[in-house]
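Engineer: The primary structure of each chain is shown beneath.
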Amino acid sequence: MEINKEDKKNIINKISEVLITMASKPSGFIGLAILIFHVILAISSPWFVPYDYKAINPSLMLQAPSADFWFGTDSLGRDVFTRTALGGRTALVVTFFGSLIALLWGGLLGIFCGLVGGKIDDVVMRIVDAFLSIPWILAMLLIVSLLGTTTEVLIPALGFFYGKGIVRVARAATHDVIAKDYILSAKARGHNNLSIIWNEILPNVRDAILVEGAMRWSWMLLGFSSLSFLGFGVSPPTPDWGLMISNARGLMSFAWWAVIAPIVGLSSLIIGINLTADAFAKALGIDRSTKAPV
Amino acid sequence: MQGNFGYSLSGQMPITEVLGPRVKNSLILASAAIIIGIPTALILGIITALWRDKFPDIIISTIAIFSMTIPEFISATLLILVVAIWLEWLPGIVIVSTDATFLELLPNIILPVIAIAMIMTAHMARMVRSSVIQVMASDYVQMAILKGVPYWKMVFKHVLPNALLPAINVVALTIAWLLGGVVVTEVVFNYPGLGRLVIESISNRDLPVVQALAIILASIYVSINLIADLMTLMLNPRLKSMQIRK
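Residue numbers (my numbering), protein chains in the order written: chain C, 1 to 294; chain A, 295 to 540.
Misleading hints may appear alongside valid ones.
Heads up, simulated BS3-like pairs for lysine-lysine below, C-alpha to C-alpha not over 27 Å straight-line [said to hold, decoys possible]: (1) C:K282 with C:K9; (2) C:K9 with C:K25; (3) C:K282 with C:K180; (4) C:K25 with A:K318; (5) A:K318 with C:K282; (6) C:K14 with C:K282.
Since the hints were derived computationally from the structure, they do not count as laboratory data.
Throw the hints in and build the complete structure from the sequences for me.
Structural biologist: Here it is, written out as C-alpha cells:
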C-alpha cells in the first residue's frame with residue numbers, strides 16, 4: 001500500500017494536533033518538557049560532561065558537592081554530575097527500542113488473533129495468560145541471567161516480555177471493530193485479510209495500541225532500572241541510574257549526594273514519560289485510569 | 295518425580311525447608327501492607343472522587359501519581375535516607391535471621407510495609423476514584439439525587455456497592471503485579487523473604503529453588519485472580535444471571 005501525499009499531510013496534521021492538545025494542559029506540558037529535556041540531555045551529554053565517567057581517583061573519594069564537583073564524587077572518586085548526565089542514555093535507548101518491538105509484535109499478533117478468532121485465538125490467548133501469571137521480575141531475571149545483559153539481548157528480551165500485554169489490548173480493540181459494517185462491506189467487496197487489516201482495522205485500533213505502547217515504555221523503564229538496581233542490568237563501569245543508586249546506597253549516611261542525583265534523574269524521567277503517556281491517552285480520548293498495570 | 299520440590303543445589307537442604315520461613319516472612323510483610331493499604335485506598339479513593347478536582351483531590355491525586363510512578367527501590371531508598379538516617383526513628387535495614395519470630399521482626403518491618411503499602415494504596419485509590427466517578431455520573435444516581443435521597447445515604451447505598459465491585463478485579467491484578475515490586479523492596483531492606491531468595495537463587499544459579507519459586511509465585515498470582523473472580527461473581531447477582539442466560 002502506497003501512502004500518497006494527501007495521506008502524509010493528514011498524518012502530520014494529526015500528529016501536530018495531538019501534540020498541541022497534549023501541551024495545552026499543564027500536566028501534559030510538564031511531561032513533554034521533562035521528556036524533551038531528557039532526550040536532549042541524553043543526546044548532548046557526551047560533549048559537555050566535565051570529567052571522564054570511568055576515571056577512578058581514590059584521593060577524591062566521597063567529596064561533598066563543590067564548585068569543582070557539582071554533585072560531589074562517589075565512593076571511587078568519580079564525578080557524580082558526569083555519571084548522572086550520562087546515566088540515562090542506555091535506559092532511554094534500550095526501553096525506547098524495546099517498546100517499539102513490543103508494539104510491533106504485540107499489536108500484530110493481537111490484531112491477527114482478533115481477526116481469525118476460533119481455535120488459534122484461544123490457544124494464543126491461553127499462552128499469553130500463562131506468561132502473564134509469571135511475575136515480571138522473575139521472568140526478566142531468568143532471561144538476563146541465561147542470555148546475558150548486553151544491550152543486544154536486553155532490547156529484544158524487554159520487547160518480547162512487555163509485548164504480551166499489548167496482545168490483549170490489540171485483540172480487544174480488534175474485537176470491537178470487527179463486527180462493524182465497514183468490515184463486512186470490505187469483505188463483500190472481496191478484499192483479502194491483509195488489505196482489511198491495513199485499511200480498515202489498523203486505522204481504528206491504532207490509537208488504543210499506541211497509548212498502550214506509551215504506557216509500556218514507562219513500565220519498561222521501571223523494569224529496566226529495577227534490573228540494573230539489582231545488578232542484572234547494564235554492567236559497570238557504564239553509568240546507569242539504577243546501578244548508581246544501588247552502589248551509592250550503602251554509603252548513603254556519609255554521601256547522600258551520590259544517591260540523590262541519580263534518584264532525581266531516574267524519577268524525573270519516569271514521571272515525565274508517565275505524564276506524557278497520560279496526556280497522550282487523553283488527547284486521543286482514551287481513559288486509562290480504570291486499568292490494572294498488567 | 296517425587297512430588298516435592300527436591301533439594302537446593304547450594305544449601306544442600308530440602309527446598310521446602312529453605313522456603314518455609316521465607317514464605318512466612320513474606321506473608322507477614324504482604325498481609326501487613328494489604329491490611330493497611332486496602333482501607334486507606336478505599337477512603338482516599340472515595341474522598342478524591344467525591345471532592346473531584348477540588349483541593350483534597352488535587353493534593354491526594356498528585357501524591358498518588360508520584361508514589362506509583364517512582365520505582366519501588368527509589369521510594370524505599372528515600373524512606374531509609376529520611377526516616378532511618380536523617381531522623382533516626384526506625385532501623386533502616388532488617389538485620390534479623392531468617393527464622394525470626396514476629397516480635398523480633400516488628401520494629402524492622404515498619405519501613406518495608408510503608409514502602410509497599412504506599413505504592414499499592416496509590417494504585418488502588420486511583421482505580422476506586424475513577425470507578426466512583428463513573429457511577430456518580432450514571433442515570434440511577436442522578437435519579438436518586440432528583441428523588442431527594444440524602445447525599446451520604448446515596449453515596450453508601452447506591453454509589454459505593456456498584457463502584458467497588460468492578461474495582462475488586464483490578465485490585466487483584468494490581469496486588470499480583472506488585473509481587474515483582476515486593477522482590478525489589480525486600481532486597482532494599484535486606485528483608486529475609488521470598489523476594490530476596492529469588493535474587494539469591496538466581497545469582498547462585500540454584501535452578502531447583504528458582505523453579506519452586508516460579509511455581510509458588512505463579513500460583514499466588516492465579517489464586518488471587520481466581521478469588522477476585524469468585525468474589526465478584528458472589529457479590530454481583532447480575533453476573534450470575536448473565537451466565538445462566540448464556
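Engineer: Confirm or reject each hint.
Structural biologist: Hint-by-hint comparison with the structure:
Restraint check for K282 (chain C) and K9 (chain C): satisfied, since their Cα atoms lie roughly 23 Å apart, inside the 27 Å limit. For the hint pairing K9 (chain C) with K25 (chain C), the CA-to-CA distance comes to about 25 Å; that is within 27 Å, so the pair holds. For a cut-off of 27 Å, the pair hint linking K282 (chain C) to K180 (chain C) stands: about 24 Å separates their Cα positions. Proximity of K25 (chain C) to K318 (chain A) is assessed by CA-CA distance (about 47 Å); at most 27 Å being required, the pair is judged violated.
With a C-alpha separation of about 43 Å, the suggested pairing of K318 (chain A) with K282 (chain C) is violated against the 27 Å cut-off. Of the supplied pair hints, the one linking K14 (chain C) and K282 (chain C) holds, its CA atoms being roughly 15 Å apart against a limit of 27 Å.
The structure is inconsistent with the numbered hints 4, 5, although it conforms to all the rest.
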